[in-house]
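There are 2 protein chains.
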Amino acid sequence: MLGRRRRLAILAEAHFSPLDAKTAVGVLRYRADQVAAVIDSTRAGTTAEECAGVGGSVPVVADVAAAAACGADGLLIGIAPQGGELPAAWRAAVLDALERGWDVLSGLHVFLGDDPELAALAAARGGRLLDVRRPPVLRSVAAARASRVEALVVMTVGSDCNVGKMTAALEIARELERLGVRAAFVATGQTGILIADSGAAVDAIPADFVAGAIESLVLEAARDAQVVVVEGQGALHHPGYSGVTLALLHGACPRALVLCHAARRGHIRTASDAPREPPIPPLADLALAYEGAASWVHPAAVVGVALNTLGLEAAAARSACEAAGRELSLPATDPVRFGARPLAEAVRQQLGRTDAPHA
Amino acid sequence: MLGRRRRLAILAEAHFSPLDAKTAVGVLRYRADQVAAVIDSTRAGTTAEECAGVGGSVPVVADVAAAAACGADGLLIGIAPQGGELPAAWRAAVLDALERGWDVLSGLHVFLGDDPELAALAAARGGRLLDVRRPPVLRSVAAARASRVEALVVMTVGSDCNVGKMTAALEIARELERLGVRAAFVATGQTGILIADSGAAVDAIPADFVAGAIESLVLEAARDAQVVVVEGQGALHHPGYSGVTLALLHGACPRALVLCHAARRGHIRTASDAPREPPIPPLADLALAYEGAASWVHPAAVVGVALNTLGLEAAAARSACEAAGRELSLPATDPVRFGARPLAEAVRQQLGRTDAPHA
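Taken in sequence, the protein lines are chains H and A. So in the numbering used here the end of the first sequence lands on 389, straight run, no missing numbers. So in the numbering used here the end of the second sequence lands on 389, straight run, no missing numbers.
Isolated chain H, as found in the complex (with noise of 0.2 Å):
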């Protein structure tokens, strides 16, 4: 992971579930081989399993001492908070991991590096501080070039944030490839970087170079691949990280679209003090937004639902996916739960259209 192979212990602390460790769980649900231990000391003595119904049998211990006895060999902050500053109680563990010498991966905004107690003893003691939002130097504004590529480009976007977009992208990207399909994931935010090795965290990079960025990536997945899946970020309707979105659609100018929700949520998740919470708009609406905010630079079209069905019986997630797929007459399905294939096929389908499918 990012250069080598670790024992990671992911610090979780009193955050170790589905819903709040969005970065330890996706990297046990991919990386899970890459995992010795979870902290999290108001679980320890659970598993990763019970506590996020990921990763088996990795352990869920109290501190970074004992995580070192499970055999981990490196530190990742699994938790990404709005805002991204690094919550005090947690800088014991990153200093105790330090110590050791451990290699400390972090996604948070705030970087690692920057702090200079923590970069003097990861000095000393011969670990590095990884920040993995780290914005690159080099720096482009986009100008449509990615929709020359040959390549089929494909985007996840959603009602809100942390629905499932990069999760439903790495299951589409992994489903085509058994199907005998070259895809290529390209990550977008901390965790898909982690799951990946490459990628750019775009939420962190300077507001004008976010199309840029993206663009870049997808020329490059583009020359060995023939359908790119681009992890979307925030969404149309949110407050706070709708830019982000716009950016990734008309830096990467894919001509399909994922659209990815979590079946139980009605509202946009915002700050405690914002004056309202935001309806999510009908699905068939967000298809509409989504598809007319693209043909502003490029034309694409929704060729599924991804829908994120946590919390609900199986019999209740069967039935919210068909409703969903009634309501847009397109595939629909929970990518975790019952695999991605009815979405890795409707984007096969689109491949060798060279025009827009509905522009």
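These are computed hints drawn from the structure, not numbers from a lab. By construction, the Cβ of each residue, glycine as well, lies at the ideal position given by its N, Cα and C atoms. Don't take every hint at face value.
[As the list claims (entries may be wrong)] Some chain A residues judged to face chain H by a derived CB distance under 10 Å, without partners named:
| # | residue |
| --- | --- |
| 1 | G83 |
| 2 | V84 |
| 3 | A174 |
| 4 | A237 |
| 5 | R294 |
| 6 | T300 |
Chain A: place on chain H using the hints.
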């Protein structure tokens, strides 16, 4: 300017024309009393008015030494190239200014203060490197808090970059003051910041926090003003900058929009290796796109058109404004050439309405 009055030399080497030297022209139009000279060796011996149509008799000179002879005691980098790097040829001028102990003001994406040689020279000679694009340390995620302010929030939006959004906002705010309305101008780009002595260069802020930054500025400006006029950035149809545009729209939550367009421009300007020059949609389509995008978070209506008629004869300019007004059934003017009164009146008519005008 930025803390104290200065007599500035504006560096615009080989680029001192109305379209190339956006920052130089903006500062000359609104702060000419603080400009001692413009440096452009290719136009030395002329005046600002002759080169750029603003700035009256401010002399254009060949180098920093000549500007010093005109009484300059500070250097302002007067252009903002795509990508934001300091042109190599300009470095000598910056070094010369620092040798003299001057402050150097820069709106470039690359921070002069981070350059060890420049920083050392500034420190040795007692000058300062003022990077107006350096992002604020405070980081917040927007949550439509600006939708609650009592003041009427107006934003200028456009068909492309560099069509007159800052100028329109400044002229509307000025004209509102003349009409007896307490108006505040909120700067969002480096030139606006130099003119207003406050604001944030939103395009240099990490993408997650752009909407939050403008939200904070609007909340602050709304305390003392009846109308807050926000300088828009970029364009929803620009492949490189649309994300910044949408972040501003959703962070500021304007209720009224003024659509800005350059009368002679038919295509969006992108890099020379771009696959195509995207055509600018008809004004009516642009208005619908902006109102639609705003409505995802907070409804807004276009209330007027600011047409930049640079390069047109007076009669053609008047016809262009009339045609734009007819197309949208709204007041239209070139605020620089014909005054901003019709736009200020249109904004004033919205005062006191608590719901969105067309929502």
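Now for the hints, and whether the structure bears them out:
1. Hint on G83/A is violated. Least Cβ distance to chain H is approximately 27 Å, over the 10 Å limit.
2. With its C-beta approaching chain H no nearer than about 26 Å, V84/A sits outside the 10 Å limit, and its interface hint is violated.
3. Using the Cβ-Cβ criterion of 10 Å, the hint placing A174/A at the interface with chain H is satisfied: the shortest such distance is roughly 4 Å.
4. Interface hint at A237/A: satisfied, since its Cβ lies 5 Å from the closest Cβ of chain H, which is below the 10 Å cut-off.
5. For R294/A, the suggested interface contact is broken, since its CB lies about 21 Å from the closest CB of chain H, more than 10 Å.
6. A hinted interface residue such as T300/A counts as satisfied when its beta carbon comes closer than 10 Å to some beta carbon of chain H; here the least separation is about 4 Å, so the hint holds.
Violation of the numbered hints given earlier is confined to hints 1, 2 and 5; the remaining hints are satisfied by the structure.
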